[in-house]
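One-letter residues, chain by chain:
2 protein chains.
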Amino acid sequence: MSNLTITSAQGFRAGTATCGIKQSGKTDVGILVADSPCTAAAVFTSNRFCGAPIVVGREHVRRGRLRAIVVNSGCSNVATGERGVADARAMCAHLAAAIGARPTEVLPSSTGVIGEFLPMAKVRVGIDAAAAVLSASVRAGRAFAEAIMTTDTRVKLAGERFRIGRTTVTVAGCCKGSGMIAPNMATMLGYLTTDAGLAPAQLRRLLKAAVEPTFNRVTVDECESTSDTVAMLASGLACAVTGGTAEARFAAGLRAVCESLAYQIAADGEGATRVLEVAVRGARNPRDAHAAARAIAVSPLVKTAVHGGDPNWGRIVQALGQTRVTYRPEDVVVRLGGTILFRKGAPAPDLDRRAVAKLMKAKHVAIEVDLGAGRAADRVLTCDLSREYVTINADYHT
Amino acid sequence: MSNLTITSAQGFRAGTATCGIKQSGKTDVGILVADSPCTAAAVFTSNRFCGAPIVVGREHVRRGRLRAIVVNSGCSNVATGERGVADARAMCAHLAAAIGARPTEVLPSSTGVIGEFLPMAKVRVGIDAAAAVLSASVRAGRAFAEAIMTTDTRVKLAGERFRIGRTTVTVAGCCKGSGMIAPNMATMLGYLTTDAGLAPAQLRRLLKAAVEPTFNRVTVDECESTSDTVAMLASGLACAVTGGTAEARFAAGLRAVCESLAYQIAADGEGATRVLEVAVRGARNPRDAHAAARAIAVSPLVKTAVHGGDPNWGRIVQALGQTRVTYRPEDVVVRLGGTILFRKGAPAPDLDRRAVAKLMKAKHVAIEVDLGAGRAADRVLTCDLSREYVTINADYHT
Chain A
15 MSNLTITSAQ GFRAGTATCG IKQSGKTDVG ILVADSPCTA AAVFTSNRFC GAPIVVGREH
75 VRRGRLRAIV VNSGCSNVAT GERGVADARA MCAHLAAAIG ARPTEVLPSS TGVIGEFLPM
135 AKVRVGIDAA AAVLSASVRA GRAFAEAIMT TDTRVKLAGE RFRIGRTTVT VAGCCKGSGM
195 IAPNMATMLG YLTTDAGLAP AQLRRLLKAA VEPTFNRVTV DECESTSDTV AMLASGLACA
255 VTGGTAEARF AAGLRAVCES LAYQIAADGE GATRVLEVAV RGARNPRDAH AAARAIAVSP
315 LVKTAVHGGD PNWGRIVQAL GQTRVTYRPE DVVVRLGGTI LFRKGAPAPD LDRRAVAKLM
375 KAKHVAIEVD LGAGRAADRV LTCDLSREYV TINADYHT
Chain B
15 MSNLTITSAQ GFRAGTATCG IKQSGKTDVG ILVADSPCTA AAVFTSNRFC GAPIVVGREH
75 VRRGRLRAIV VNSGCSNVAT GERGVADARA MCAHLAAAIG ARPTEVLPSS TGVIGEFLPM
135 AKVRVGIDAA AAVLSASVRA GRAFAEAIMT TDTRVKLAGE RFRIGRTTVT VAGCCKGSGM
195 IAPNMATMLG YLTTDAGLAP AQLRRLLKAA VEPTFNRVTV DECESTSDTV AMLASGLACA
255 VTGGTAEARF AAGLRAVCES LAYQIAADGE GATRVLEVAV RGARNPRDAH AAARAIAVSP
315 LVKTAVHGGD PNWGRIVQAL GQTRVTYRPE DVVVRLGGTI LFRKGAPAPD LDRRAVAKLM
375 KAKHVAIEVD LGAGRAADRV LTCDLSREYV TINADYHT
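Here the protein sequences line up with chains A and B, keeping their order.
One gets my numbering by counting positions in the first sequence from 1 and adding 14 to each.
One gets my numbering by counting positions in the second sequence from 1 and adding 14 to each.
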């Protein structure tokens, strides 16, 4: 776990509060406030029933400038019609008034149960309380990451420090997400800060490029949330990112942060006991590579086999067979942790079931599929499917 | 449960045996033998890694004539390469020799673990033993239905008797299937018999038409099996199905049998405690209707909410939002057991959560979605997702 948090980059403070949206009594309001207006970019869910905060957030981030982010957990403000949109706007206005910004400089997020209205009186109290304790400490950044959690069991933080020229630049982030996770656009709530300086279009492009191979390659249950948001603020207090070398260094740092956060989501998938990485190569094109990896990663039969440490590898082949990607079955090679399970249309002759079972029981289970049909590759991260996933989701609401 | 079995139609006998493929010691070989060659048709899985029996079965049913069906459970003979195909042929040849038929008049099926070779010595002993006890009794038909079971907890039988002119015609069937069930082509093993007489092309057409709205609309885990087969034999001993009225009557009887069997599969889905029926109407076209119904029916979040009797209906909207079908969110109406949950983009104003929770806990949970975009409709049957599903599939192999 990183010691860096969203307050580690210069120019950011965070505050949190408990206002009673969550029945558990845990913190449920988090705000991130920049000392001055920042360059901003965000990617959002492509779910058609997106939440009211997404509608408002898209509007507010359009110009590429933001001062603050306000998040509540415990209620997602999704499927709440016009009243929901008004509530999301009210959240922004309330925080804006408290910090002396314009409402359109605030990006709102909500996460939790779908189909209930926000208790706005509580939310207002929470925002005021959080604004009263704004701090640039690591502890405040960590508290923000805790305040956005729902079914997450662990706080998810990542950060990178690197040099651009002679200046040290920080990129840090946190995220929440453990169920309703699917690799389509952003797949959770994630917030990133940096003290590097970027132009709006540049930040948008780099954020999108970092999200695609990381957050968009994580699936827990292939359910695409109605609230997914990854937002990034760049204060520019350290140095500007200009020129190819500086941009490449920044892009690498940003990708590493997203990569770490994405892995933490897979590892903390609802009920997860192990991470499953499905890597596909030899595909005819990138679309095929992604489709094949995803088909295996979403299969409940593969995921339960991995949960049970069951060497029932035939299910990998079954899941692949369900896709319409290009390959000849006899060319396909399936490996588990480097060991060949299947090739030439049949089990590997010297297959040792006990060794396979052992590989299935690792903390990180690596399935590799070579389609033998080309040069494209991709990979998807997921986790096992356990009884605990069902317990969490059968009893979530009540 | 029907009192009719696959031996209820005139001209069919069944036999079963225990040959030790299943470790449980339950029956694992079933044969269905017609007194004389029958008109035959079958639909198979579209999974690209289909089992060896599918390869051989497609060949044998091509001419539309069969004498017998041989099935083993406990090992699916899938992902077994050329040796697997040779084994499937050997099963046919062995039964053919025992009953005085040609090997190509026998359709083979295998169901169970993927990626293991059939223990052919045991299989041969099993076929001989089953052939020695062939009987047209209801008990023999029922025993056949038991012999094809894997994780099924209940035997699945259905039958219809109706008149065509002055003659009584019987259509009866049995099936197995409770996991690895997805609505794409046939979705399980199903065997149907009738004493009506039909031409091969006619039977093929009517079988396909009956399978589409029934077996192809059941999903348990959206995993399309590598072994799926629905095969039908028509002895013609009762009367010929000629003319529109007779054919319509036959088609209705056949559909009713498939409908009943499909429902039994959903009700016996692995770990299922209730059936979930998702009906969509108001879709712009049939493809949209199917896609929307399927998206909701496969959602693990909807299925776990139904399992927990949790009125977390927002997940229905979330699942719908993930699709790319045509509708305006504000036109969508969602009902549960007739009660409106959601319309005009927001929860129904007078929504009683306790009443919703009660509807979620019914044995048959009916979700209805009106997309308000056209006149097409469809529906998909599934079941809840329980801890038991995970238990069954995490520990299946060992």
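Quick caveat, the hints were computed from the structure, so don't treat them as lab data.
One thing to keep in mind: the hints can contain errors.
All copies of an identical chain are treated as equivalent in the list; a pair is satisfied when it fits inside any one copy or across any two copies.
Derived pair list, reagent style SDA-like, types lysine to any residue, alpha-carbon separation capped at 20 Å [stated by the list, open to error]:
id, residue 1, residue 2
1, 136, 323
2, 40, 111
3, 136, 389
4, 136, 301
5, 377, 288
6, 377, 49
7, 372, 299
8, 222, 265
9, 358, 97
10, 372, 354
11, 136, 107
12, 136, 386
13, 372, 32
14, 372, 127
15, 372, 262
16, 222, 179
If you're wondering where the values come from, they're calculated on a predicted model, not measured in any experiment.
Structure-based check of all given hints:
Taking the closest pair of Cα atoms, residue 136 and residue 323 never come within 20 Å of each other, the shortest separation being 46 Å inside a single copy and 29 Å across copies. In the homo-oligomer, the alpha carbons of residue 40 and residue 111 never lie at most 20 Å apart, since the shortest distance is 25 Å inside one protomer and 73 Å across protomers. For the identical chains of this complex, residue 136 and residue 389 are neighbours neither inside a copy (55 Å) nor across copies (44 Å), given an alpha-carbon limit of 20 Å. With identical chains, the CA atoms of residue 136 and residue 301 are never at most 20 Å apart, being 46 Å at best within one copy and 45 Å at best between copies.
Proximity of residue 377 and residue 288 under a CA criterion of 20 Å is satisfied intra-copy only: 5 Å inside one chain copy versus 34 Å between copies. Taking CA atoms no more than 20 Å apart as the test, residue 377 paired with residue 49 passes in neither setting, with 42 Å inside one copy and 57 Å between copies. For the identical chains of this complex, residue 372 and residue 299 are neighbours neither inside a copy (33 Å) nor across copies (49 Å), given an alpha-carbon limit of 20 Å. In this homomeric assembly, residue 222 and residue 265 come within 20 Å of each other (Cα to Cα) only inside a single copy, at 11 Å, whereas the closest approach across copies is 54 Å.
In this homomeric assembly, residue 358 and residue 97 come within 20 Å of each other (Cα to Cα) only across copies, at 12 Å, whereas the closest approach inside a single copy is 59 Å. Only within a single protomer do residue 372 and residue 354 lie at most 20 Å apart by alpha-carbon distance; the minimum there is 14 Å, versus 50 Å between protomers. Taking CA atoms no more than 20 Å apart as the test, residue 136 paired with residue 107 passes inside one copy only; the shortest distance there is 15 Å, against 75 Å between copies. With identical chains, the CA atoms of residue 136 and residue 386 are never at most 20 Å apart, being 58 Å at best within one copy and 36 Å at best between copies.
Taking the shortest Cα distances, residue 372 and residue 32 never come within 20 Å of each other, neither inside one copy (44 Å) nor across copies (32 Å). Taking identical chains as interchangeable, the C-alpha atoms of residue 372 and residue 127 lie at most 20 Å apart only when they sit on different chains, with a minimum of 19 Å there against 38 Å within one chain. For the homomeric pair residue 372 and residue 262, neither the shortest alpha-carbon distance inside one copy (40 Å) nor that between copies (57 Å) is at most 20 Å. Taking identical chains as interchangeable, the C-alpha atoms of residue 222 and residue 179 are never at most 20 Å apart, the minima being 25 Å within one chain and 69 Å between chains.
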